[in-house]
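Protein sequences, first through last, are from chains Y and D.
Just so we're aligned, residue 92 is where the first sequence starts under our numbering, counting upward by one.
Just so we're aligned, residue -16 is where the second sequence starts under our numbering, counting upward by one.
Read the hints as simulated data drawn from the structure, not as lab findings.
Every residue, glycine too, gets a C-beta built ideally from N, C-alpha and C.
Hints are not guaranteed to be accurate.
[Claimed, not checked] Result set (SDA-like, lysine to any residue): computed pairs, CA atoms no more than 20 Å apart in a straight line:
| no. | chain 1 | residue 1 | chain 2 | residue 2 |
| --- | --- | --- | --- | --- |
| 1 | Y | Lys172 | D | Glu117 |
| 2 | Y | Lys174 | D | Gln431 |
| 3 | Y | Lys142 | Y | Arg203 |
| 4 | Y | Lys147 | D | Glu110 |
| 5 | D | Lys643 | D | Gln431 |
| 6 | Y | Lys174 | D | Asn685 |
[To be verified] Selected chain D positions facing chain Y (Cβ under 10 Å, derived; list incomplete):
| no. | residue |
| --- | --- |
| 7 | Ser24 |
| 8 | Tyr26 |
| 9 | Ala27 |
| 10 | Glu110 |
| 11 | Tyr116 |
| 12 | Thr264 |
| 13 | Ser268 |
| 14 | Phe271 |
| 15 | Glu373 |
| 16 | Met376 |
| 17 | Asp683 |
| 18 | Asn685 |
| 19 | Gly691 |
| 20 | Ser692 |
| 21 | Thr759 |
| 22 | Pro760 |
[To be verified] Sample of chain D residues lacking proximity to chain Y, with all beta carbon distances greater than 10 Å (derived):
| no. | residue |
| --- | --- |
| 23 | Glu118 |
| 24 | Gln175 |
| 25 | Pro396 |
| 26 | Phe427 |
| 27 | Glu549 |
| 28 | Ser613 |
| 29 | Asp695 |
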Amino acid sequence: MKITGEHLIEAPPEKVWQNILDPRVLEKITPGIKSLEELAPDHYKAVSEIKMGPVKGQFEGEFTIKDKTENKSCKIVLDQKSKIGNALAEINLELIPVSDTQTKVHYTGDARISGMLARMGQRLIGGVVKTLSKQFFEALQKEIEQ
Amino acid sequence: MGKFIGKSIKRKEDVRFLTGKGKYTDDIKLPGMTHAAFVRSPYAHAKINNINTAEALKAEGVVAIFTGQDECGNYGVPCGWQVNFKNGETMREPQQPLLAKGVVRYLGEAVAIVIAETLEQARDAAELVEVDYEELPAVTNPKEAMKEGAPLVHDEWPDNAAFDWCIGNDRAEVEKALENAHHVTELEYVNQRLAPNAIEPRSYIADYNAADDKWTLYTSTQNPHLIRLLLCAFALGIPEHKVRVVSYDVGGGFGSKIFHYTQEALLTWATKQIGRPIKWTADRSEAFLTDAHGRDHVVKAKMGFDKEGKIVALLADEYCAMGAYLSTFAPAIPTYLHGTLFQGLYTTPLIHLDVTAPFTHTVPVDAYRGAGRPEATYLLERLIETGAKEMGMDPAEIRFKNFIPPFDGVNQPGYQTQVALQYDSGNYAPVLKRALEMAGYEDFRKEQEEARKQGKLLGIGISTYIEACGIAPSAVVGALGARAGLYEAGEVRVQPTGKVSIYTGAHAHGQGHETTFAQIVADKLGIALEDVEIIHGDSERSAFGMGTYGSRSLAVGGSAIVKSIEKVLEKGAKIAAHKLEAAVEDLDYADGKWTVKGTDKSVSFGDVALTAYVPHDYPEGLEPGLDFSSFYDPANFTYPFGAHIAIVEVCPDTGKVTLKRFITCDDVGNVINPMIVDGQVHGGVVQGIGQALLEGVVYDENGQMISGSYMDYAMPRADDVPMIETDRTVTPCPHNPLGVKGAGEAGTIGSTPAVVNAVVDALWHLGIRDIPMPLTPARVWEAMNAAKA
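Generate coordinates for the entire structure from the input sequences, incorporating the hints supplied.
Here is the structure:
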């Protein structure tokens, strides 16, 4: 499944970059997240709870940040498992400066989902991803403003 | 027509069903009963590295957990039909294990069973079982599965073929006839995979009694005796006389409850391990994932015509999915229940079908209402209709030109097809004539023309069909690879008071046997309908039975009962003769009494029954009692046929298809209860409409099912279906005592191509020749848009 989208953040790329890569911030702003543990630099263990239409589940797994080009781009690799199915995703994140105080965050990637999540959630997943990303970026904006 | 036969008697069993008093397996609660939940694979194909049950075993209420590593992992359920490769090699037959062992081969395959005090506890504990999978590539499309380098479902074989098979005339001869044909119509399409969706999900209770060393398996099956045989002799190797299989009321089967499922054997094994009864009932998700699916053929077919529109040759190549393992009847469906119907109602002189049946990383595929015959009818009826249109001929006219001339199977012999079967009796033109008349075919074309001028898209589609029913003659099915005989047993037990209990090996799961069979018995014995009770669904009550599928109950099971009735009347006559002091030859039997011809001296059925059980004054040498059992093995299949017509309107803006009318004229031989036959036709037609317009199981490229709930799998609803207009002709079956042919599948077989033909008819002028099923608004809209471009 393809995932793409973008969001405008009222902050310069450096600021966005710094916040997105900070595990303490991520733990605060990621929707549904219950815990985030740093295993190694840029390598985390995450536990989250996600509801997708009729299915709800606790996800556990790792995510890794790779191919970093400072203040510009990186790749996020997610491998999350749950009783309702597993998700494997690779997402490329790009920070595009729009002005001195604005950054467009563009993301594009591919996700593979399995189990009940795929069976029941396929039709809803696009919408859920959109909602969750929106929540994520809005929380990020708030975090930066504080 | 008798007093009851031929009458629309209201169904006796409906009182029970309509008042919530049915007895379904899930309604049964046994003392000390435990509940099972399964841990199922989230992948279509994966290696199981490890299963950790430690946490789950500690959970509240857990009684036991078993995995493929336990003894049950050594057992598997058998396949009941063998189809060999064209080169004579035996088909590839992997063991279908009760629980996956080391590898999972389809999404939802069971990896572990968790047994607990309550269902909730079993489910909660199942979530605690940790399975370490290593996901492997999967293939779900049968054609893709045969490509070089496709992921293998079973590593022990070099490719995915379970078998390949062909039927009909020499392929080269058929190809040559196509080359020389005046016109050749070619279609490539997918007859899509369907989920059976019985309203009652599968349900089982296994109960081992150590004191008697006996098992009872309550199961929602269509054929209890067959399950007992497969379970005891092939799956577990336990003595057959120590197992009782019971299936009281069953809420729909459509084929999906014929098969011996792994859960039946696993629960039967596990109940002895824990010494307590175990219940498992599928939830709807499990039904989607684990009930054997139907159809899934990838087809390429050609039909050649001469100048007049006579079919000169038919050639088809099909890839038919088997799924990950061979289900009970799976190999028979795309072969002997499919290729053998390629003659249809037509005189086609040259026919050839090549089938490749690969394993795929999906749930097994097996019989689903019609089983192979809807797929055959779809192929024939789409081809002949398209051929007619391409040649500028009338689709009705071309069918009349190709119909096999009438034959009654008595004065004229049966019709020998090019594809093994010999039809019993047929008179095909009248059903189409009648259906056309009901549809107002002549006027419709004008109406269609007018509607087009106003921007409305109307279409009419015809389909004619034949099917092979009453799946039976043992010798024939044996020669075709069946590993069981296919006869039926029926016992007539006359009680001392003259009331009659009938024990049949057929099984009712919606068909109304309790009424239909009682009508026959009451008429033949001349007694009241309420004096007859039909008993089925218990391996310890009926002598034996092959169950109900393939529209066989009345033709085969009904005939077995008739044979027993004849025996009862023969013995009864001897007793009556003794009582009346007359010779047997001088007696007549009518209206429930024996009368000495030409006199008013008579004795009633009830008197004779009582005498049989109180034989104080009794014929010398005659055994007491009035109880006869018979096995009936018919001479041939039966061959019902019919014509269906659909009239549709397609919305030019949205592509939504609205069925305006649906007309059937079927010939199912003699009819015992017209209302029940109509009901069977209605249900069947709606199921066929479901395939044409709404239903389809979709696996994504990783083998994930993305149509696993009613949000994504559309079942037909009342507002998708118009009033179905039915009529019948009657061409009796010449070889069974009732002259009946079977009506259970006719609706499904005939209706699907009629609907698709109608939609294509509505859009033909736009250049549209075919739309892949199901014809959802999106697909129709897409086709219209592509045609515009």
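Q | chain Y contact restraint on alanine 27 (chain D) - CB to CB distance below 10 Å | A | 8 Å, holds
Q. Minimum Cβ distance from serine 268 (chain D) to chain Y below 10 Å?
A. 7 Å, holds
Q) Holds or violated: is there a CB of chain Y closer than 10 Å to the CB of aspartate 683 (chain D)? A) Hint on aspartate 683 (chain D): holds, closest Cβ of chain Y at ~7 Å, below 10 Å.
Q | Distance rule for phenylalanine 427 (chain D), whose beta carbon must clear each one in chain Y by more than 10 Å | A | At roughly 38 Å from the nearest Cβ of chain Y, phenylalanine 427 (chain D) sits farther out than 10 Å, so the non-interface label holds.
Q) Against chain Y, is asparagine 685 (chain D) within 10 Å by beta-carbon distance? A) 6 Å, holds
Q.
A closest beta-carbon separation below 10 Å is what the hint needs, so does serine 24 (chain D) meet it against chain Y?
A. With Cβ-Cβ at 9 Å, under 10 Å, it holds.
Q. Measuring from the C-beta of tyrosine 116 (chain D) to each C-beta in chain Y, is the shortest one below 10 Å?
A. 9 Å, holds
Q: Below or equal to 20 Å on CA atoms is what counts here, so check lysine 172 (chain Y) against glutamate 117 (chain D).
A: 13 Å, holds
Q) Taking the closest pair, is the beta carbon of glutamate 549 (chain D) still more than 10 Å from chain Y? A) 54 Å, holds
Q. Is it true that the CA of lysine 142 (chain Y) sits at most 20 Å from the CA of arginine 203 (chain Y)?
A. It holds: about 17 Å lies between the C-alpha atoms, which stays within 20 Å.
Q: Could you check if glutamate 373 (chain D) really has its C-beta closer than 10 Å to a C-beta on chain Y?
A: Violated: closest Cβ of chain Y sits about 38 Å from glutamate 373 (chain D), beyond 10 Å.
Q | Residue hint tyrosine 26 (chain D), partner chain Y, criterion CB-CB below 10 Å | A | 6 Å, holds
Of the numbered hints listed earlier, those contradicted by the structure are 2, 12, 15, 16, 21, 22, 23, 29.
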